[in-house]
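Protein chains: 2
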Amino acid sequence: MHRYNELFQLFNTELKKEIDNLELREPKRLYEPVIYTLNMGGKRIRPVLLLLAFSMYQKQYQKAIPVAIALEMFHNFTLLHDDIMDNAALRRNRNTVHIQYSSNTAILSGDAMSILSYEYLSKYKSDNYSEIYNLFTQTALKICEGQQFDMDFENRTDVSVNDYLSMIELKTAVLLATSLKLGALIANAPESDCNLLYQFGLNLGMAFQLQDDLLDTFGDTFNFGKNIGGDIASNKKTFLMLKAIEVASESELILLNNLLSNAISPQTKFEKVREIFNSLNIDTITQTEIEKYFNAAFNNLTNLSVENSQKEGLLQIANQMMNRKK
Amino acid sequence: MHRYNELFQLFNTELKKEIDNLELREPKRLYEPVIYTLNMGGKRIRPVLLLLAFSMYQKQYQKAIPVAIALEMFHNFTLLHDDIMDNAALRRNRNTVHIQYSSNTAILSGDAMSILSYEYLSKYKSDNYSEIYNLFTQTALKICEGQQFDMDFENRTDVSVNDYLSMIELKTAVLLATSLKLGALIANAPESDCNLLYQFGLNLGMAFQLQDDLLDTFGDTFNFGKNIGGDIASNKKTFLMLKAIEVASESELILLNNLLSNAISPQTKFEKVREIFNSLNIDTITQTEIEKYFNAAFNNLTNLSVENSQKEGLLQIANQMMNRKK
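Order-wise, the sequence lines are chains W and Y.
Residues 46 to 371 in our numbering are what the first sequence spells out, letter by letter.
Residues 46 to 371 in our numbering are what the second sequence spells out, letter by letter.
Don't read these hints as lab results, they were simulated from the structure.
Incorrect hints may have been included.
[Unchecked claim] Okay, the calculated bits of chain Y under chain W, using three or more residues with CB under 8 Å as the criterion:
| hint | stretch |
| --- | --- |
| 1 | 71-78 |
| 2 | 124-136 |
| 3 | 143-156 |
| 4 | 163-169 |
| 5 | 179-192 |
[What the hints assert, rightly or not] One side only, chain Y facing chain W, incomplete, derived with CB under 10 Å:
| hint | residue |
| --- | --- |
| 6 | S159 |
| 7 | Y174 |
| 8 | S175 |
| 9 | D197 |
| 10 | L305 |
| 11 | I309 |
Note that the coordinates shown come from a computational prediction; the quantities given were computed from them, not determined experimentally.
Glycine included, every Cβ here is placed at the ideal spot set by N, Cα and C.
Next up, chain W with everything else stripped away, as it sits in the complex (with noise of 0.2 Å):
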């Protein structure tokens, strides 16, 4: 992954100068949490998919870096104040912000990071500065909808395949799309292809989360890289979950309304459920919608207006986002 690897490292080496600037500034305990969470780590998906779709179509980086930096800053923004909702104790195998530190530092802290996130948007001046603000704020709330719905529907007994659809696509999806449309915007591409970017971005999305709940049932440990059982575990309303109570029996139904509300062991309980899954060819179900998200992405890169050769990094980051093995 020749191209990740090299928009990674350059990535990480304009966050570490930034990191250096936070450490200046005071008090101290507002900005050290922001600066342990930068330092966690991660993937940095969201910067590297702005930053390959602004080279498809500029070669100056450095225009991009202060809006892939507002990005990753929300982004650990959202993480940060996610886990104090979720009573989450690590996150990358490090204490979670408000373990480390207290619960009032990780709500102020995180509250610094999102409006930090605009400070780096301001450092990006041009004409389309308006359409980027714009496209930013509207992406940041729709991921507090998508966090809410989500919180919800632990409560609900109502929840529809189509509801967690939509859940996803705001909590996770369209933070995708809006890295790569921006990433175009900057670089004054077409805005057919802007909006081509944002679609392929959705849909990669949506290709990702569907495959994570797979993986969290179906995949083994070794290659998924975290543990699998948890969704059963806590009875996540997932793709899975939500489709096998869509096209139960009503037989089999009572079955797995039984398992979700007695006490069982949780691996009786995660294999009895599996044994369910299987019956209902969850498997297959989830892996043919993961497929169908997959292609509608990879059919958005076609349609760009740029040459074949200058996809290539797009293509290799989505291959290698789906191709976590069960």
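Position chain Y against the provided structure of chain W, taking the given hints into account.
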């Protein structure tokens, strides 16, 4: 206060329209606490200051309304998150959002309000768009910094009067200053007027916060509009306390520290601390400091390029803000 009332009504009418729009958004659980917060009322000082400054240079308010709403939205966001951090149960005699709904709701809806303020800001289109955004963002960040300093001070024993003045400047005064400067910027006022209005707001904000400190100890509940003595009861490091520590003799300092660290009835503590304050002339010293800022604010107004009759609105609101009696 004709001028203030007129703009207060005007702003509330516009805000009501926006609340009606927010009612239509989904998910309800995200936007309902936003509406609940905006409906809590309040004096709308920041948007009114913005409109007052604007009206000195232009008459068509419509251009300034989205930015006025952005300011009020952002201010209410900070109150919402501050209430979680301070564990406050009531605001304006109503449950705070984290009590009325939940902490998670308060975090996420607050995040949405912060982003919504940028949505309103983005409705303002003009050549100086970038300057408006920058000022707003830098101010937002300063408010976070002020809140962190305030929280830090609770655990520090070395806070100086100057530290305190810097903190209240960040936490309170800059947003009043920015409200005024934004109004002038939107109206294309001369640059020197924009900066004078910023300074006026800064000085007024400092005077206002110091007066708030003074009244909490030397005011009376009837005229002040809230209970007095809260700062002393909670050992808050206000201007009065920090100045007392600065000017106290060694024996007075021991006496004061004993009062702060020993378990005595709030009423006795309040009376004893006030006795020490009286013996140190803290009342007069604070009053002098307030007048210093207030006079500086009036000087800023004097130097504005507009005719004196145009300054009436700001003079009125400044006098009204400072006219709370002890």
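Going through the hints against the structure:
1. 71-78: Contact hint for the stretch 71-78 of chain Y vs chain W: holds, 4 residues under 8 Å.
2. 124-136: holds (count 3)
3. 143-156: holds (count 5)
4. 163-169: Held - the stretch 163-169 of chain Y has 3 residues with a Cβ nearer than 8 Å to chain W, which meets the minimum of three.
5. 179-192: holds (count 8)
6. S159: holds, 6 Å
7. Y174: Holds. Min distance 6 Å.
8. S175: holds, 6 Å
9. D197: Cβ of D197/Y sits 6 Å from chain W, so the hint holds.
10. L305: violated, 23 Å
11. I309: violated, 29 Å
Taken one by one, the earlier hints fail for this structure at numbers 10, 11, listed in ascending order.
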